[in-house]
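Note that the protein sequences, when read in sequence, are chains A and B. Quick note: the first sequence, position 397, residue 441 per the numbering used here, numbers continuous. Quick note: the second sequence, position 419, residue 463 per the numbering used here, numbers continuous.
Calculated directly from the structure, the hints in this document are not laboratory data. From a predicted model like this one, the values you see are computed outputs, not experimental measurements. Any given hint could turn out to be false.
Claimed, not checked - Below, a list of computed lysine to any residue pairs in the SDA-like style, where the Cα atoms sit at most 20 Å apart:
| # | chain 1 | residue 1 | chain 2 | residue 2 |
| --- | --- | --- | --- | --- |
| 1 | B | K362 | A | E313 |
| 2 | A | K215 | A | F226 |
| 3 | A | K339 | B | K318 |
| 4 | A | K389 | B | K318 |
| 5 | B | K196 | B | V305 |
Below are the chains, spelled out letter by letter.
Protein chains: 2
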Amino acid sequence: MQIILLSGGSGQRLWPLSNEVRSKQFLKIFSEAGGESMLQRVLNQIRRTCAESTVTIATAKKQVTLLKKYLGEDFDLATEPCRRNTFPAIALAAAYLNDVKGVDVNEPVIVCPVDPYVDDNFFAQFHTLAAQITDSAPLVLMGIEPTYPSEKYGYIIPCTKDNVSRVKMFKEKPNLADAQKFIDAGGLWNGGVFAFKLGYVLNKAQELLGTSSHDELTATYDALPNISFDYAVVEHEPNIAVVRYVGAWKDIGTWNTLTEVLESNSIGEVQTDKTCANLHVINNGDVPIICMGLKDAVVVAGTDGILVSDKVASSYIKPFVERLDKQVRFAEKSWGSFKIIDADKHSLTVKVTLNRGSRMRYHSHERRDEVWTLISGAGIVILNDRAKFVRAGDVIKIPAGCKHTVIADEPLKIIEVQLGEDITVEDKIIWQEAI
Amino acid sequence: MQIILLSGGSGQRLWPLSNEVRSKQFLKIFSEAGGESMLQRVLNQIRRTCAESTVTIATAKKQVTLLKKYLGEDFDLATEPCRRNTFPAIALAAAYLNDVKGVDVNEPVIVCPVDPYVDDNFFAQFHTLAAQITDSAPLVLMGIEPTYPSEKYGYIIPCTKDNVSRVKMFKEKPNLADAQKFIDAGGLWNGGVFAFKLGYVLNKAQELLGTSSHDELTATYDALPNISFDYAVVEHEPNIAVVRYVGAWKDIGTWNTLTEVLESNSIGEVQTDKTCANLHVINNGDVPIICMGLKDAVVVAGTDGILVSDKVASSYIKPFVERLDKQVRFAEKSWGSFKIIDADKHSLTVKVTLNRGSRMRYHSHERRDEVWTLISGAGIVILNDRAKFVRAGDVIKIPAGCKHTVIADEPLKIIEVQLGEDITVEDKIIWQEAI
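This is chain A alone, in the form it adopts within the complex (with noise of 0.2 Å):
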């Protein structure tokens, strides 16, 4: 059984924490000690459930450096060149399974989102959903039984109230009357897992895209259709089958959801009055926060913003941070972090953080300076191919047009001024590693 996890959501809904580069499934907010990611959470609970299955994690080229960073090299990637669709993601994966990996057109694919906040049983479902492919039925979804009847998710309906039953028909988010009427007639909240045989996508992705090869799919991404895998295939699909989880379960992917699973009412700094109430704070910024007389909202600062927002108003917070600034103030990369502590006319000041033993590749700018000063721990320069060490209390100036990097011998912090008129993320030649 192949397991295709999408990992490819801009996470805008979880704004200030995630952003385009750290995307929402990376956030470590499961516990105080900034412990579990969400990727790390639903892994660790595939490998309890699904042992001898293969997990390929569908992303976006922009996460390639931190899912490395966070999983190690354990997990084959299939890597989108830009943002699209479920459609086009699930084809890429597909194909990458077919085209690199050798996967055969018979074996079972289940498809399923990185944010979903569950039971183990979950999981251990796959098999049930795996087992129910067949020609009379190639496409096999997760019913949620549905705790409420919520506005907030789509509907299947089942012909009959059994643990597998034909699907009748969907429903899009409706209106709490028939969200009612729904669950009276057995209706389940569409879990967005998906289950067929590889070559079923692969023969969809031929007919809708006009290839099922991993190398054209890849050159022709960014002109592929911009659509859902529920709209370009499931609605579309007469024989659907589904199976009917009893659990857990919640879409942790907006402020209003992902609080309810926290553990603790606050993270970080965080000062709250007894008139407070079903409130959540986090503070992942530099400087604290008092809360007073606050009901029913969530609280969160970060590098990139403050949100503040009563919790069912949160769920619409989309269009808002479509309206800002797109700058990353701050970032993890495979060798550390940087963080924007300073942004003046004709310089940006940064705190870079190197971990033990990495470098940063060799590069240079064309239309800046740089002053770094280390602040702690101590490692190599390297500047036109002449190397120097460092320590703490260091000052390196990198002219424009010089080739530099650093190798920390131990976890390295430097206070980098850049200087110039134009400074910008593309001002960036990469050469050849020097030693």
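Chain A is already provided as a structure; the job is to place chain B on it using the hints.
Positioned in the frame of chain A, the structure of chain B alone reads:
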């Protein structure tokens, strides 16, 4: 007529924008474009209504630099060596007027807090207060005609409902029912304005503090009793008159009251959704704020922290602020400003801004090195008595023990990295200027 403006408050109730050195009276939030501060507004009103009077500002030593920066040298300052309550502050200011300025003991004095938000007519009434001071009523107060039965203010119950009346009694912050009763009985809010002849308070100082000498009061200031003028004087004075003021009056000492007089519901980079109501957002920080679904709330973000509060609850912020680490992350100085942009174990990174023509004091540190990277402007750096021209892009290393200063020929910005195991504001030795 002498006017003493009490400007010594710590402004904790307006955290995070005010702090020990950047007190509330300097907040420039009365127009979008960073316009008038509270203090400037009040001084302009006094200039219009009491042109012939002399204004003395009673203030804490910590705030003198900032006061001079904002007001120039046009005003007399009665400087309190440390923070004390209103009785010692008024006694010291009175002694200053008599001993230092030679003001006659028979001259009328009006004491007024610096934070009433009122019509010009409020200050015009000072003439009436001064005229009412007699031997049979040596103390005259300003009574504000209440607009609603507030539980936040003290009440003055006059003998009659005339414009000027004797005071029958005082009532501290009552409950709602009592407040209504007081209003029905002609009660007035106590606005904290006191009028008397200079000799009256000098006598009280002699009687209660053992001296009315400015030098002696200054020398023993930290040992003086920390009591209010109301408690020490007003409550024991049987013969008090009150002048009735009818017109707009707000004490803008809390976010709840201050937001009532702001022209705009948001300042700085802020987005709010359509479901927000009676919301004020003041973003004085570096990152955007998104607010959704908030009602009757105030959100304030600054360099020192973030406040998110129900408006009414925000009045009770003081104990929460007192619990915070008191490190000042941003401060305005006579020569410019500084802002801490990163704090690490053995380093502190500060953005320093110098005004054109200004200079730091010539100083050295014993237990830290500094690295300055000039990011804009030009000037002269002096290191151990040797001067050197510097401009944007230059890097200056200042080892521990090295005497240093900078003189800004143009507005100058520096990223200063402090390095050491024991970085404190106390580690500073001031030297005689070299040039």
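We went through each hint and held it up to the structure:
no., hint, in the structure
1, K362/B <-> E313/A, "holds (17 Å)"
2, K215/A <-> F226/A, "holds (9 Å)"
3, K339/A <-> K318/B, "holds (19 Å)"
4, K389/A <-> K318/B, "violated (34 Å)"
5, K196/B <-> V305/B, "holds (18 Å)"
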